[in-house]
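Enquirer: Next come the chains, spelled out residue by residue.
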Amino acid sequence: MQADPRPQDGATPVLSLRGIVKTFPGVRALGGVRLDLFPGQVTALIGENGAGKSTIVKVLTGIHQPDEGEILMDGQPVHFPTAQAAGHAGVTAIHQETVLFDDMTVAENIFIGHAPRTRWGLIDRRAMRERARAILHGIGADLNPATRLRDLGIASKHLVAIARALSIDARVVIMDEPTAALSHKEIAELYGLVEKLKAQGKAILFISHKFDEIFRIADRWTVFRDGQFVGEGAMADVTEGQLVQMMVGRSVDQIYPKRPARIGEPVLTVAGYCHPTEFSDITFTLRRGEILGFYGLIGAGRSEVMQALFGITRPSKGACRIDDGIRVIRSTAQAVEAGIVYVPEDRGRQGAVKGLPIFQNVTLPSLSRTGRHGFLRLAEEFKLAREYTRRLDLRAASLDQDVGLLSGGNQQKVVIAKWLATKPRIIILDEPTKGIDIGSKAAVHDFMSELAAEGLAVIMVSSEIPEVLGMSDRVIVMREGRIAAEFEGEAMTPENLVRAAAGIGQPQGKAA
Amino acid sequence: MSTALRHSERQIPDRLTRPAARALKSWESLLAIVAIGIFVLNAWASPYFLDPWNLSDASFNFTEKAMIAFAMAMLIIAGEIDLSVGAIIALASTVMGVAMTAGAPTPVLVLLGLGTGLACGAFNGMLVARFGLPSIVVTIGTMSLFRGISYIILGDGAFTGYPDSFAWFGQGYVFWVITVELVIFTLAALVFGVLLHRTSFGRTVYAIGNNSVAARFSGIRVDRVRFILFLLTGLMSGIAAICLTSRLGSTRPSIASGFELEVVTIVVLGGVSILGGSGSIVGVVLAALVMGLVTFGLGLLNVPGIVMSVVVGALLIAVIAVPRLWAMARAKSRKR
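Chains as they are written, first to last, in UniProt numbering: chain U, 1 to 512; chain E, 1 to 336.
A few of these clues could be false.
[Said to hold, decoys possible] Covered by chain U, per the in silico footprint, the following chain E stretches (three or more residues, Cβ under 8 Å):
1) 197-208
2) 216-222
[As the list claims (entries may be wrong)] For lysine-lysine, the following DSS-like pairs were computed, each having C-alpha atoms within a straight-line distance of at most 30 Å:
3) E:K25 to U:K383
4) E:K332 to U:K354
5) E:K25 to U:K354
In short, the hints are calculated from the structure, not lab data. Positions of the beta carbon are idealized from the N, C-alpha and C atoms, including for glycine.
For reference, chain E alone in the conformation it holds in the complex:
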């Protein structure tokens, strides 16, 4: 080692800001404040809001969508997207309906729901990862494809008469007001939180989202990761299909239409960059709560559904625009 060239050995510190300090200034903290604010506002506006059973009912506003949103968050962080999730639910629900009419028992229905979700996810994943097609185009295609199959099978009809034991997933309670769906939602949040933030796999997802070429040049199996992410999104859509079908007690081909946009809304509201590379599961959980609370609060105030979607849309644009405007204002004041 020619010492003439070496600088004095200096140690680069690991971190300059503590993770806790960083968390305090994060998007997630802002979301938490917004969630609490809406909660308080709702409690003040409606006397029925604080009833535990009402709150429990209200959780159905977001649980099914949020389950998918966790997987979607990882997909979007990796720079991909899946717009076929609503259609996957429709197809999975239809497959379960066909099996139910053939007399299949509940465990078989569940396996078929999960299996259909996985198969759809694998199909999307193969087209994107194996053939290198852009995911937005692929999943717009499969969105029509999967739901189209449902329409062919069902036409104007509907499957009804699911077995009583099947109702447990969407209508059952584990304990007091805690619904089965709420438990699945919580478990999914934990599993995806750990997967994204505590595993090597999660790290590679961020790397791919920030620069997939450099990730590949770093020895990461980029296509395999992408495939797995589509598989996970398919699986979560399958789980959501079971919950939703069970809760509604019937399958129509229009089931879960528009889900994909609400799921993406939750993900983006949760602070996940639509361009990929950043975001967290905590943010998605908080965003799901905010969405649930807003919808429920407006429902209690008898606001019609169409106005609700206007409010949700405005909320989404506002939360995305405000930080940007804030940064611009700050940059301007600094210049002066």
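Isolated chain U (complex conformation):
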């Protein structure tokens, strides 16, 4: 970081937004915000979910048109009526969930929409491959441009997305949570890439929920809250506490509100669960009032085990005992009946049913209780939905609103509300705070403690070490589909977790 990252007086921003207003049915997503991006500088945009970060990205990339306000490039007002227009003006974005085409090659994905042409107007495949190779090399990704995207891992796909964003001669690069799916090593490479882009004089808008990342890489900050501009300045002049204060408009005194738990009798015993490809020999016990953390690298098989417990997939071998007796869970309906519920990691696809209103999402697994003899009773449904959405502090225009219009954090709250309304005994949370802002994160943590204190048994799958250590009573580490180690009390240290997950050193087996 430079000594004084504030742009020199007189330096004009490449891109400025002034008084941007954007309204959606029932929601005022942006209420007159400003934003400045300077050449060769990384500006971090910080805010809770629902603060308007995603909306501003869509305004900048021509996907949404602002209702009011202006966009200035080099001081001149511009319009981005389409995504192409934004691209031509030199604004490019790397999204949280980039849309790539699985059946096309790396090079085709990078150049889709602006492929180099031969003089006959056909796609110049050779030039495309060469340029793709050059761009990939420039970001330190040694991928073969001719590989089909389907055959790449998620991290490599991400690099393709970045390469695609860089394939147009961009002046402004927007990175919307670019590290969400990356490993440690890849994140380090990404930082290097950002430094390179800075050196080339590109203005970078960096959106992230991770403070260590922001302090590591950003030069300037801008904070939004509830669609309003709160403040901006240089990173050097601000502390983490101040930023959090501005984001949430209240103080977050304690990040991990884990209370000492009164751990009771075992509720769930899993013995020798196996799956032909995903996991094998999974054995563990879960007790009342306990938060059991599952740590591991991405792809270690944690979600697969949880989905087997929830009846999505069937184990090929093994048994599970819930309180009273051994049960075979063949469907999610049976899991819910047995009192096991699952909050999935993939919120968009597996979580909320977009298209249905909030209250119908909440009551979906509880219809036999809110209804009578198979008939719906709307009054009962609203009652239940009111009760649980209030408990989770949901923010929405009305309970009749489509869940799809809510921000990610609020969709997550709807999914949790849906399950709590079934009065479960075991709740499995798969990466419950992934991609949600620090305020909602704290609320989810707080809530987990509360549930455990009420006697629920909680399983938390998480890839964030501070979260796992801060929230769990006990941690199971998985590696390559097997339980690598289990830690309790003093043995729960970041080093032990990382070693067990990566398969380094001795701490195999019980270390408690």
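Mind docking chain E on chain U? Use the hints.
Expert: The following block gives chain E in isolation, referenced to the frame of chain U:
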């Protein structure tokens, strides 16, 4: 509860718009206006239109198709489709014909018609729900399969000579001009309306149509619901087979050919999204009336059948395109 993190308790309102206000702006209201418009136009164009007996006769244009359309609507809302309904009618009618020639009495014929419909529905449902095959492919297959069996049994021939008591279903009147089919149509509309809009089962149908993965992750027995929907469509096809066979008084293997597309047309015209997830039974009822009125009106004006199908096709495209164009025009004017 750490109060520092909680916001002031605020109450989210249940609804912002009243259901009545929403209904007024709906597709169904537009359809109702169109239906009334065509009715008035018909009455003005032809002096024979307003005759109660003519109207009663005209109801046969849609009653049999609409019965199936109710079940099909639920299937399409759930994101599936059944293109074999016409073929199910042919097979059910053939089975009844075989039994009739063997001397079976009317109650047995009815049970066989219903049973064949259910069996065909169960076969489709099993292939889709149990083996996870795409319904459009499965039912294109069974469309040929079921009708093929009819052709094998009947060849060029036909079954005729159904008992007089059997004629009641397609030719009988319950009261004055109210036909038996009209009564079945009305009852089916009520039953399916309640099933889709007032029961937990109906709610799960919408959930599956909007996102079947999330529905499964919400503890819904998605496959069971899909199976039941195919069963219902088979059953309604069986009922339609009884009515149609009874009305025609004969069975040929080509009976009810092309029904599937007309049924789907009614469903889509009724505002059911072909992608699943939304639609209503009221819309399907109105769409059936619109289709019936258009066909009848054109018939009174001596418009040949081929022109009629052109009109129906144009109508379908128009009703689907108009709202889309309207929305585009509005978005454009707002931009300016």
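Enquirer: Would you mind marking each hint as holding or not holding in the structure?
Expert: Hints versus structure:
1. 197-208: holds (count 9)
2. 216-222: holds (count 6)
3. E:K25 to U:K383: holds (27 Å)
4. E:K332 to U:K354: Roughly 27 Å separates the two Cα atoms, so the pair holds.
5. E:K25 to U:K354: Given that 30 Å is the threshold and the Cα spacing comes to 22 Å, the pair holds.
Violation of the numbered hints given earlier is absent; every hint is satisfied by the structure.
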